[in-house]
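Chemist: Heads up: the protein sequence lines correspond to chains A and S, in order.
For the first sequence, counting from 1, position 131 maps to 414 in the working numbering; every step adds exactly one.
For the second sequence, counting from 1, position 339 maps to 340 in the working numbering; every step adds exactly one.
Read the hints as simulated data drawn from the structure, not as lab findings.
Small disclaimer: the values here were computed from a predicted structure and weren't measured.
Glycine included, every Cβ here is placed at the ideal spot set by N, Cα and C.
Watch out, some of these pointers could steer you wrong.
Quick list of simulated restraints, FRET-style, between CB atoms [to be verified]:
(1) A:347 / S:292: 41 to 51 Å
(2) A:408 / S:809: 50 to 60 Å
(3) A:357 / S:30: 17 to 27 Å
(4) S:139 / A:304: 51 to 61 Å
(5) A:447 / S:456: 45 to 55 Å
(6) S:456 / A:403: 47 to 57 Å
(7) A:347 / S:474: 22 to 32 Å
A few chain S positions that, by computed beta-carbon distances, are all more than 12 Å from chain A [unchecked claim]:
(8) 153
(9) 162
(10) 292
(11) 328
(12) 467
(13) 495
(14) 558
(15) 583
(16) 634
(17) 692
(18) 743
DSS-like mimics (lysine-lysine), calculated; alpha carbons at most 30 Å apart, straight line [claimed, not checked]:
(19) S:351 / A:443
(20) S:294 / A:287
(21) S:43 / A:357
(22) S:450 / S:497
(23) S:35 / A:291
(24) S:24 / A:291
(25) A:297 / S:190
(26) S:61 / S:152
(27) A:443 / S:725
(28) S:43 / A:430
(29) S:24 / A:398
(30) A:286 / A:398
(31) S:43 / A:286
(32) A:297 / A:287
(33) S:725 / S:152
(34) S:453 / S:190
(35) A:356 / S:432
(36) A:430 / S:453
(37) A:287 / S:432
(38) S:152 / A:341
(39) S:432 / S:328
(40) S:35 / A:398
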Amino acid sequence: MSKKQHYKITVNGKEEEFLAEPRELLIYTLRERLNITGPHIGCETSHCGACTVTIDGKSVKSCTMFVAQADGKKITTIEGIGGPDNLHPLQTAFKEHHGLQCGYCTPGMITRAKKLLEENPNPTEAEIRFGMAGNICRCTGYQNIVKSIQAAAAEMNAAKEAAE
Amino acid sequence: MKDEVTSREERIENLKGMGCSRKRVEDARFTQGKGNYVDDIKLDGMLFGDFVRSPYAHAKIVNIDTSAALEVPGVLAVLTAKDLEPLGLHWMPTLAGDRQMVLADGKVLFQGQEVAFVVAVDRYAAADGIEAVEVEYEELEVLVDPFKAMKSDVVLRPDTVAEDGSPAAGAHGPRKHHNHIFTWEAGDKGPTFETIDNAEVVAEETMYYHRTHPCPLETCGCVASMDKVNGKLTLWGTFQAPHAIRTVVSLISGIEEHNIRVISPDIGGGFGNKVGAYPGYVCSVVASIVTGKPVKWIEDRMDNLMTTAFARDYHMTGRVSATREGKITGLHCHVTADHGGFDACADPTKFPAGFMNICTGSYDIPTAFLQVDGVYTNKAPGGVSYRCSFRVTEAVYFIERMIEVLAIELNMDAAELRRINFIKKEQFPYKAALGWEYDSGDYHTAWDKALKTVDYEGLRAEQAQRVEDFKAGKTRSLMGIGLSFFTEIVGAGPVKNCDILGLGMFDSCEIRIHPTGSAIARLGTISQGQGHATTFAQILASEIGLPADSITIEEGDTDTAPYGLGTYGSRSTPVAGAATAMAGRKIRAKAQMIAAYLLEVHDNDVEFDVDRFVVKGAPEKFKTMKEIAFAAYNQAIPGIEPGLEAVSYYDPPNMTYPFGAYICVMDIDVDTGLPEIRRFYALDDCGTRINPMIIEGQVHGGLTEALAVALGQEIAYDDMGNVKTGTLMDFFLPTAWEVPNYETDYTVTPSPHHPIGAKGVGESPHVGGVPCFSNAIQDAFRPFGNRHTNMPHDHWRIWKTANELGLHD
Numbered sequence: 284m285s286k287k288q289h290y291k292i293t294v295n296g297k298e299e300e301f302l303a304e305p306r307e308l309l310i311y312t313l314r315e316r317l318n319i320t321g322p323h324i325g326c327e328t329s330h331c332g333a334c335t336v337t338i339d340g341k342s343v344k345s346c347t348m349f350v351a352q353a354d355g356k357k358i359t360t361i362e363g364i365g366g367p368d369n370l371h372p373l374q375t376a377f378k379e380h381h382g383l384q385c386g387y388c389t390p391g392m393i394t395r396a397k398k399l400l401e402e403n404p405n406p407t408e409a410e411i412r413f414g415m416a417g418n419i420c421r422c423t424g425y426q427n428i429v430k431s432i433q434a435a436a437a438e439m440n441a442a443k444e445a446a447e
Numbered sequence: 002m003k004d005e006v007t008s009r010e011e012r013i014e015n016l017k018g019m020g021c022s023r024k025r026v027e028d029a030r031f032t033q034g035k036g037n038y039v040d041d042i043k044l045d046g047m048l049f050g051d052f053v054r055s056p057y058a059h060a061k062i063v064n065i066d067t068s069a070a071l072e073v074p075g076v077l078a079v080l081t082a083k084d085l086e087p088l089g090l091h092w093m094p095t096l097a098g099d100r101q102m103v104l105a106d107g108k109v110l111f112q113g114q115e116v117a118f119v120v121a122v123d124r125y126a127a128a129d130g131i132e133a134v135e136v137e138y139e140e141l142e143v144l145v146d147p148f149k150a151m152k153s154d155v156v157l158r159p160d161t162v163a164e165d166g167s168p169a170a171g172a173h174g175p176r177k178h179h180n181h182i183f184t185w186e187a188g189d190k191g192p193t194f195e196t197i198d199n200a201e202v203v204a205e206e207t208m209y210y211h212r213t214h215p216c217p218l219e220t221c222g223c224v225a226s227m228d229k230v231n232g233k234l235t236l237w238g239t240f241q242a243p244h245a246i247r248t249v250v251s252l253i254s255g256i257e258e259h260n261i262r263v264i265s266p267d268i269g270g271g272f273g274n275k276v277g278a279y280p281g282y283v284c285s286v287v288a289s290i291v292t293g294k295p296v297k298w299i300e301d302r303m304d305n306l307m308t309t310a311f312a313r314d315y316h317m318t319g320r321v322s323a324t325r326e327g328k329i330t331g332l333h334c335h336v337t338a339d340h341g342g343f344d345a346c347a348d349p350t351k352f353p354a355g356f357m358n359i360c361t362g363s364y365d366i367p368t369a370f371l372q373v374d375g376v377y378t379n380k381a382p383g384g385v386s387y388r389c390s391f392r393v394t395e396a397v398y399f400i401e402r403m404i405e406v407l408a409i410e411l412n413m414d415a416a417e418l419r420r421i422n423f424i425k426k427e428q429f430p431y432k433a434a435l436g437w438e439y440d441s442g443d444y445h446t447a448w449d450k451a452l453k454t455v456d457y458e459g460l461r462a463e464q465a466q467r468v469e470d471f472k473a474g475k476t477r478s479l480m481g482i483g484l485s486f487f488t489e490i491v492g493a494g495p496v497k498n499c500d501i502l503g504l505g506m507f508d509s510c511e512i513r514i515h516p517t518g519s520a521i522a523r524l525g526t527i528s529q530g531q532g533h534a535t536t537f538a539q540i541l542a543s544e545i546g547l548p549a550d551s552i553t554i555e556e557g558d559t560d561t562a563p564y565g566l567g568t569y570g571s572r573s574t575p576v577a578g579a580a581t582a583m584a585g586r587k588i589r590a591k592a593q594m595i596a597a598y599l600l601e602v603h604d605n606d607v608e609f610d611v612d613r614f615v616v617k618g619a620p621e622k623f624k625t626m627k628e629i630a631f632a633a634y635n636q637a638i639p640g641i642e643p644g645l646e647a648v649s650y651y652d653p654p655n656m657t658y659p660f661g662a663y664i665c666v667m668d669i670d671v672d673t674g675l676p677e678i679r680r681f682y683a684l685d686d687c688g689t690r691i692n693p694m695i696i697e698g699q700v701h702g703g704l705t706e707a708l709a710v711a712l713g714q715e716i717a718y719d720d721m722g723n724v725k726t727g728t729l730m731d732f733f734l735p736t737a738w739e740v741p742n743y744e745t746d747y748t749v750t751p752s753p754h755h756p757i758g759a760k761g762v763g764e765s766p767h768v769g770g771v772p773c774f775s776n777a778i779q780d781a782f783r784p785f786g787n788r789h790t791n792m793p794h795d796h797w798r799i800w801k802t803a804n805e806l807g808l809h810d
């Protein structure tokens, strides 16, 4: 056990201040301290991506980042991507195209997919598969996840065009 | 009066009943991060428990010193076997009739075994406490090879030796050796051996189906909360069989069953991992009783891979005999089954090797004999059905490899060999040589459709050309065509021969129709991603004529759901799905009487039509189910009690036998050992199809788990019993990058004994997929003399096969 330090992070637009041991992992901070349980724990070795969040514009696996490393940063989790009144096209597409089964990987999957589409709004199937390779799903075999992301991309691009 | 102008087709569509690709009702919460998994549960004052685990695979425990751990800030208690012994809880029963240590009782039998349980205020304090527990071990000789274990003087389990020093009888009969667990036989030994000994052609092969693990993305865990004021224990957990867990907890703790409430919340995948009872559950319950506070236990990934529920680990030897024309005459299979330190298989009691006796597959084999020997070793306990019915993946892999080997022996095309040996459509119901009665099938139609779709002959021609090109030095890539035709046996099962720990394997459904025409139905099963809340509502919609969108499905809470044996072995649709249909029919029967009363005709003068009862011959006179529901509660009807509810406990008369034809086309780089799946075609026949979208999703997922097992996933041990694949760094889970797109197809051969003709599909793609991937690899090397190589076919092993066949010379 080490001395508690003061940290300040912004999660889904809300500023949070607290005392914590520096060894505390960010996923623990989110889930246990802040009750943000959308991101899940699947492996604790950065392989499965169930804990994926966005930190300062990058996809990060929060199970292997210390809270100390996240100090002062802006974090977005699935809860900040869309809710009942403002569903993100990815959330709609995953349901529409059966891109999930047990749902455990889904928050990380959608969080990563959102970032992927920001980086590359028109990905090829191979680019989607490569870009999502850090997120493991045990249920779907990925085929419908790829389909969901393609559908969301098409929808987002159409909406963007219509707005222009 | 909208109803009157709505067409019949529209009324059917409104129901979203069976056969439509209804979108899943579960998805809203999961896509918004609002699922409720066990680790999301937080209770006031909740503590966290975690295990001190053995670093050794076989060792005597000399001493456990917990004093320093108890000084660690935040640590409240440390439990050892000595604390559990007075309660009789230091050992627990396994589902296979064996016993398993909850906490190490004098010795440890596998690496990662639970030695002490540290209870602390949070995970970090528990981890600190674990570091401070001092355990003194004395290493013992390690046995990781079941064949050596059967010859060794080393006694792994002192309870296997009788007072006179001879091996004591086990739960499934006499032991041959102190490290032997059971021998299980099926079929006729004498006639089978005689047939094989006198056959024109015999193919023999030895194969090892390696140890692997279901590895759902969510590990196992629970929260135990003992309310000492009311004497009630609530246990939330990742349970594939919540009612069975309640009964087991009651039996071992002495707490009466009505005072135990077991709740399976959302489950992040199961695949067989979450069927059994684990030491973590027992320790959490005890810790909650001791501390008076709720206690949570959640495995980390290493705990999960190293300790709970391995699958497979079958050493199989086969002999298959045939005429020179290729008609199979006999089959013999022997299995040496490595069960690890405790026999913790989750099989029906009478089947210690599960349904391995489905190993005659889809073929009309007149005589067969199977013998399975279970053996203890210094490995983790388990032997669960990883995305399959009990040991069916092993059985199907065995027969589908034996067919390929026989094809080599006969110098025959393996597709044709299958075709001439298939059980014919008119032979169903078909009594197999090893005892099962297959309910229905049309194998030839499925096979022909599959071969035609992929242009099988064209593929073989292309493959022959590739071999020529390879030999001519024009390419370094080989082409493999993987074939597999599987018959599953699912839906356990008839109570007359299927029970687990004496609990009959029926299942149940309870329906309550609300006055305004919506409903809630509760089942004894529990979804882990299969979409029960969506599909069971579809079954009901078709049966009772209320829209699926107006029906809530609830599972997993033993205080509210009717008793059932849970979800595994593809039993939900065959058993609970049948219960749902039957309960729906009881609702309909009462609704018919109400409708007749309301329409002022005799009961027999009305008939059900989609969503209503109509007067026969006068369709303009009708009462909708919605109107009937309202009347059931609000109108005094002579001779009929108010309300509209039904319950059904369904004991299936037989198992169901889904089948399918899979074909995989692969290109293999002989210099890197890298396989590239060019095409995968999967035809499934699961009988009546409830939701095609969900079926397809199940097939994609099952095939991907098959790809994993065939091409790299394994739980490997070194000679010291160290687990070499304990993290996702070493344990292969395919990513989107490694997985191909699958082509799905189907035929429909309904089950004749199931109320809606459905057979179950969740596990078929895994069962049929593993041999298909493996056969593709083996087939690529067949022209160069390959007969059989063991899975997993990772790049290194494929390279090695190529090397041993001289392809690098």
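Chemist: So, for every hint listed, does it hold in this structure?
Modeler: Cross-check of the supplied hints:
1. Distance hint check for residue 347 (chain A) and residue 292 (chain S): the Cβ-Cβ separation is about 31 Å, which falls outside the suggested range of 41 to 51 Å.
2. At about 34 Å, the CB distance of residue 408 (chain A) to residue 809 (chain S) disagrees with the hint of 50 to 60 Å.
3. Residue 357 (chain A) and residue 30 (chain S) have their C-beta atoms about 26 Å apart, which keeps the hinted 17 to 27 Å range intact.
4. A hinted range of 51 to 61 Å is violated for the C-beta pair residue 139 (chain S) and residue 304 (chain A), which are about 37 Å apart.
5. Here the CB-CB span from residue 447 (chain A) to residue 456 (chain S) is close to 47 Å, well matched to the stated 45 to 55 Å.
6. Between residue 456 (chain S) and residue 403 (chain A) the beta carbons are some 36 Å apart, a value that contradicts the proposed interval 47 to 57 Å.
7. Take residue 347 (chain A) and residue 474 (chain S): their Cβ atoms lie about 48 Å apart, and the range 22 to 32 Å is violated.
8. Annotated as non-interface, residue 153 (chain S) keeps its C-beta farther than 12 Å from every C-beta of chain A; the closest such distance is 36 Å.
9. Distance check on residue 162 (chain S): its Cβ is at least 41 Å (rounded) from any Cβ of chain A, clearing the 12 Å threshold; non-interface status holds.
10. Once the 12 Å rule is applied to beta carbons, residue 292 (chain S) is consistent with being away from chain A; the minimum gap is 19 Å.
11. Here residue 328 (chain S) stays apart from chain A, with its beta-carbon at least about 37 Å from theirs, past the 12 Å limit.
12. At the 12 Å boundary, the C-beta of residue 467 (chain S) stays outside the reach of chain A, the nearest C-beta of that chain being 25 Å off.
13. Listed as outside the interface, residue 495 (chain S) is consistent with that label: its C-beta sits roughly 29 Å from the nearest C-beta of chain A, beyond the 12 Å cut-off.
14. Listed as outside the interface, residue 558 (chain S) is consistent with that label: its C-beta sits roughly 18 Å from the nearest C-beta of chain A, beyond the 12 Å cut-off.
15. The Cβ of residue 583 (chain S) sits about 27 Å from the closest Cβ of chain A, beyond the 12 Å cut-off, so the non-interface label holds.
16. With a least CB separation of 32 Å from chain A, residue 634 (chain S) remains clear of the 12 Å interface cut-off, as annotated.
17. Look at residue 692 (chain S): its CB is around 10 Å from the nearest CB on chain A, not clear of 12 Å, so calling it non-interface is violated.
18. The non-interface label for residue 743 (chain S) is inconsistent with chain A: the shortest C-beta to C-beta separation is roughly 6 Å, within 12 Å.
19. At roughly 63 Å between alpha-carbon atoms, residue 351 (chain S) and residue 443 (chain A) are farther apart than 30 Å, so this suggested pair is violated.
20. Between residue 294 (chain S) and residue 287 (chain A) the alpha-carbon distance is near 26 Å, which keeps this suggested pair within the 30 Å criterion.
21. The straight-line distance between the Cα atoms of residue 43 (chain S) and residue 357 (chain A) is roughly 26 Å, inside the 30 Å bound, and the hint therefore holds.
22. At most 30 Å may separate the alpha-carbon atoms for a hinted pair to count; residue 450 (chain S) and residue 497 (chain S) exceed this at roughly 37 Å.
23. Simply put, residue 35 (chain S) and residue 291 (chain A) have alpha-carbon atoms about 25 Å apart, close enough for the 30 Å limit, and the pair holds.
24. About 41 Å separates the Cα atoms of residue 24 (chain S) and residue 291 (chain A), which puts this hinted pair outside 30 Å; it is violated.
25. A threshold of 30 Å between alpha carbons decides the hint, and for residue 297 (chain A) with residue 190 (chain S) the separation of about 72 Å lies outside it, so the pair is violated.
26. As the CA atoms of residue 61 (chain S) and residue 152 (chain S) are separated by approximately 21 Å, the hinted pair is consistent with the 30 Å bound.
27. This hinted pair does not check out: residue 443 (chain A) and residue 725 (chain S) have alpha carbons roughly 50 Å apart, beyond 30 Å.
28. Distance restraint check for residue 43 (chain S) and residue 430 (chain A): the Cα-Cα separation of roughly 35 Å exceeds the 30 Å cut-off, and the hinted pair is therefore not satisfied.
29. Distance hint between residue 24 (chain S) and residue 398 (chain A) is fulfilled; the C-alpha atoms sit about 26 Å from each other, no more than 30 Å.
30. With a C-alpha separation of about 35 Å, the suggested pairing of residue 286 (chain A) with residue 398 (chain A) is violated against the 30 Å cut-off.
31. Restraint check for residue 43 (chain S) and residue 286 (chain A): the C-alpha separation of about 25 Å stays at or below 30 Å, so the hint holds.
32. Our distance criterion of 30 Å between C-alpha atoms is met by residue 297 (chain A) and residue 287 (chain A), whose separation comes to about 22 Å.
33. The suggested pairing of residue 725 (chain S) with residue 152 (chain S) holds, with an alpha-carbon distance near 25 Å, which does not exceed 30 Å.
34. Annotation: proposed proximity of residue 453 (chain S) to residue 190 (chain S) is violated, straight-line Cα distance about 39 Å (limit 30 Å).
35. As the CA atoms of residue 356 (chain A) and residue 432 (chain S) are separated by approximately 67 Å, the hinted pair breaks the 30 Å bound.
36. Between the alpha carbons of residue 430 (chain A) and residue 453 (chain S) the distance comes to roughly 27 Å, so the proposed pair stays at or under 30 Å and holds.
37. Restraint check: the Cα-Cα separation between residue 287 (chain A) and residue 432 (chain S) comes to about 70 Å, which exceeds 30 Å; the hinted pair is violated.
38. For a cut-off of 30 Å, the pair hint linking residue 152 (chain S) to residue 341 (chain A) is broken: about 57 Å separates their Cα positions.
39. Distance hint between residue 432 (chain S) and residue 328 (chain S) is fulfilled; the C-alpha atoms sit about 18 Å from each other, no more than 30 Å.
40. Distance restraint check for residue 35 (chain S) and residue 398 (chain A): the Cα-Cα separation of roughly 20 Å lies within the 30 Å cut-off, and the hinted pair is therefore satisfied.
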